[in-house]
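Colleague: Sequence:
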Amino acid sequence: MSRLSRFGVSFFMCLAVTGCDSGPALGTVTGQVTMDGKPLPNVAVTFIPAAGGGSASGITDASGKYELNYLDRKGALIGKHKVAVTTVQQPQSKIDMSQIPSDSPEYAKALEASQGGYNVIFKEPIPEKYNDKSELQYEVKSGSQTINLDLKSS
Numbered sequence: 001m002s003r004l005s006r007f008g009v010s011f012f013m014c015l016a017v018t019g020c021d022s023g024p025a026l027g028t029v030t031g032q033v034t035m036d037g038k039p040l041p042n043v044a045v046t047f048i049p050a051a052g053g054g055s056a057s058g059i060t061d062a063s064g065k066y067e068l069n070y071l072d073r074k075g076a077l078i079g080k081h082k083v084a085v086t087t088v089q090q091p092q093s094k095i096d097m098s099q100i101p102s103d104s105p106e107y108a109k110a111l112e113a114s115q116g117g118y119n120v121i122f123k124e125p126i127p128e129k130y131n132d133k134s135e136l137q138y139e140v141k142s143g144s145q146t147i148n149l150d151l152k153s154s
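In this note's numbering, the protein residues as written are 1 to 154.
Hints should not be assumed to be uniformly reliable.
To be verified - 20 Å max Cα-Cα, derived EDC-like pairs, lysine to aspartate or glutamate:
| # | residue 1 | residue 2 |
| --- | --- | --- |
| 1 | Lys38 | Glu128 |
| 2 | Lys38 | Glu124 |
| 3 | Lys133 | Asp150 |
| 4 | Lys82 | Asp132 |
| 5 | Lys152 | Glu124 |
| 6 | Lys80 | Asp132 |
| 7 | Lys129 | Asp150 |
| 8 | Lys65 | Asp150 |
| 9 | Lys38 | Asp150 |
| 10 | Lys80 | Glu135 |
| 11 | Lys129 | Glu139 |
| 12 | Lys129 | Asp36 |
| 13 | Lys80 | Glu67 |
| 14 | Lys123 | Asp36 |
| 15 | Lys82 | Glu139 |
| 16 | Lys65 | Glu139 |
| 17 | Lys82 | Glu128 |
| 18 | Lys152 | Asp36 |
| 19 | Lys80 | Asp150 |
| 20 | Lys38 | Asp61 |
| 21 | Lys141 | Glu67 |
| 22 | Lys82 | Glu135 |
| 23 | Lys74 | Asp61 |
| 24 | Lys80 | Glu139 |
| 25 | Lys65 | Asp36 |
| 26 | Lys152 | Glu135 |
| 27 | Lys74 | Glu139 |
| 28 | Lys123 | Glu106 |
| 29 | Lys38 | Glu67 |
| 30 | Lys82 | Asp150 |
| 31 | Lys152 | Glu128 |
| 32 | Lys82 | Glu67 |
| 33 | Lys152 | Asp132 |
Claimed, not checked - Cβ pair distances, simulated, as ranges:
| # | residue 1 | residue 2 | range |
| --- | --- | --- | --- |
| 34 | Gly23 | Gln99 | 36 to 44 Å |
| 35 | Ser22 | Ser57 | 16 to 24 Å |
| 36 | Ile100 | Pro24 | 42 to 50 Å |
| 37 | Lys74 | Ala50 | 16 to 24 Å |
| 38 | Lys133 | Glu106 | 18 to 26 Å |
| 39 | Asp72 | Lys123 | 29 to 37 Å |
| 40 | Tyr138 | Ser63 | 18 to 26 Å |
Just so you know, the hints here were simulated from the structure itself, not pulled from any lab data.
Heads up, the beta-carbon is just placed ideally off N, CA and C, and yes, glycines get one too.
Whole structure, please, built from the sequences with the hints as guidance.
Modeller: Below is the structure:
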């Protein structure tokens with residue numbers, strides 16, 4: 001058997017038997033999102049490659065920790081990224097009153113809206129400079145890395 005034939009057989013055996021990893025090179029990214037030092041739960045973290053290609057994203061848990069996924073794999077494309085952080089909106093029919101201080105004017109408005117059956121208009125609590133007009137940029141490298149996002153409310 002020639003070298004080329006052996007290579008071809010080895011290549012196809014690799015694909016058939018082990019499911020060789022295919023696709024672009026990724027770096028594994030985990031981290032924590034905080035605002036003014038406090039963890040931000042239930043926010044979407046999206047890494048958008050500067051050079052083009054698919055974005056990677058993850059949702060923070062109760063302690064603000066996230067892990068990025070690219071399609072069906074863990075990680076993000078290697079290279080520079082713009083990073084956007086946005087709140088994951090809950091269904092409008094449910095208002096979490098526990099998140100609004102009872103002495104706040106917003107509490108009274110939310111209570112009235114929930115009792116009257118009105119839809120509550122969602123206002124993104126994360127400043128635009130971190131989502132719609134994000135100024136965050138990070139580089140994803142090969143291997144595993146931790147990228148913490150320390151946001152400021154003002």
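Colleague: Does each hint fit the structure? Answer for all of them.
Modeller: Okay, the hints, checked on the actual structure:
1. With a C-alpha separation of about 18 Å, the suggested pair Lys38 and Glu128 falls inside the 20 Å cut-off, and the hint holds.
2. Between the alpha carbons of Lys38 and Glu124 the distance comes to roughly 17 Å, so the proposed pair stays at or under 20 Å and holds.
3. For the proposed pair Lys133 and Asp150, the alpha carbon gap of about 17 Å is at most 20 Å, so the pair holds.
4. For the hint linking Lys82 to Asp132, the alpha-carbon distance of about 11 Å falls within 20 Å, and the restraint holds.
5. With a C-alpha separation of about 14 Å, the suggested pairing of Lys152 with Glu124 holds against the 20 Å cut-off.
6. Taking the CA atoms of Lys80 and Asp132, the gap is near 18 Å; set against the 20 Å cutoff, the hint holds.
7. Simply put, Lys129 and Asp150 have alpha-carbon atoms about 13 Å apart, close enough for the 20 Å limit, and the pair holds.
8. Taking the CA atoms of Lys65 and Asp150, the gap is about 12 Å. The hint holds against a cut of 20 Å.
9. Simply put, Lys38 and Asp150 have alpha-carbon atoms about 9 Å apart, close enough for the 20 Å limit, and the pair holds.
10. Between Lys80 and Glu135 the CA atoms are separated by roughly 13 Å; this keeps the pair inside 20 Å, and the hint holds.
11. Distance restraint check for Lys129 and Glu139: the Cα-Cα separation of roughly 18 Å lies within the 20 Å cut-off, and the hinted pair is therefore satisfied.
12. A C-alpha spacing of about 15 Å is found between Lys129 and Asp36, which places the hinted pair at or below 20 Å, so the restraint holds.
13. The suggested pairing of Lys80 with Glu67 holds, with an alpha-carbon distance near 17 Å, which does not exceed 20 Å.
14. Restraint check for Lys123 and Asp36: satisfied, since their Cα atoms lie roughly 19 Å apart, inside the 20 Å limit.
15. Using a Cα cut-off of 20 Å, the hinted pair Lys82 and Glu139 holds, with the two alpha carbons roughly 9 Å apart.
16. With a CA separation close to 19 Å, the supplied pair Lys65 and Glu139 stays within the 20 Å bound.
17. At most 20 Å may separate the alpha-carbon atoms for a hinted pair to count; Lys82 and Glu128 meet this at roughly 13 Å.
18. For the hint pairing Lys152 with Asp36, the CA-to-CA distance comes to about 5 Å; that is within 20 Å, so the pair holds.
19. Proposed proximity of Lys80 and Asp150 is supported: the alpha carbons are some 18 Å apart, at most 20 Å.
20. For the suggested pair Lys38 and Asp61, the alpha carbons sit about 13 Å apart, so the restraint of at most 20 Å is met.
21. A hinted pair counts as satisfied when its Cα atoms are at most 20 Å apart, and Lys141 with Glu67 qualifies at roughly 15 Å.
22. Restraint check: the Cα-Cα separation between Lys82 and Glu135 comes to about 7 Å, which is no more than 20 Å; the hinted pair holds.
23. Distance hint between Lys74 and Asp61 is fulfilled; the C-alpha atoms sit about 16 Å from each other, no more than 20 Å.
24. Between Lys80 and Glu139, the direct Cα distance comes to roughly 4 Å. Compliance with the 20 Å bound is thereby established for this hinted pair.
25. A distance of roughly 15 Å separates the Cα atoms of Lys65 and Asp36; the hinted pair therefore holds under the 20 Å criterion.
26. Annotation: proposed proximity of Lys152 to Glu135 holds, straight-line Cα distance about 12 Å (limit 20 Å).
27. About 16 Å separates the Cα atoms of Lys74 and Glu139, which keeps this hinted pair within 20 Å; it holds.
28. With a C-alpha separation of about 12 Å, the suggested pairing of Lys123 with Glu106 holds against the 20 Å cut-off.
29. Restraint check: the Cα-Cα separation between Lys38 and Glu67 comes to about 18 Å, which is no more than 20 Å; the hinted pair holds.
30. This hinted pair checks out: Lys82 and Asp150 have alpha carbons roughly 15 Å apart, not beyond 20 Å.
31. The hinted pair formed by Lys152 and Glu128 meets the criterion: a straight-line CA distance of about 11 Å does not exceed 20 Å.
32. Simply put, Lys82 and Glu67 have alpha-carbon atoms about 16 Å apart, close enough for the 20 Å limit, and the pair holds.
33. A distance of roughly 15 Å separates the Cα atoms of Lys152 and Asp132; the hinted pair therefore holds under the 20 Å criterion.
34. A hinted range of 36 to 44 Å holds for the C-beta pair Gly23 and Gln99, which are about 39 Å apart.
35. In this structure the supplied range 16 to 24 Å holds for Ser22 paired with Ser57, their Cβ-Cβ distance being about 21 Å.
36. One distance hint, 42 to 50 Å for the beta-carbon pair Ile100 and Pro24, holds here, with the actual separation near 43 Å.
37. Range check, Lys74 to Ala50: Cβ separation about 21 Å, and the 16 to 24 Å hint holds.
38. For the hinted restraint 18 to 26 Å between Lys133 and Glu106, the CB-CB distance of approximately 24 Å keeps it satisfied.
39. For Asp72 and Lys123, the Cβ-Cβ distance of about 34 Å falls inside the hinted range of 29 to 37 Å, so the restraint holds.
40. With their beta carbons about 20 Å apart, Tyr138 and Ser63 fall inside the hinted range of 18 to 26 Å.
The earlier numbered hints are all upheld by this structure, with none contradicted.
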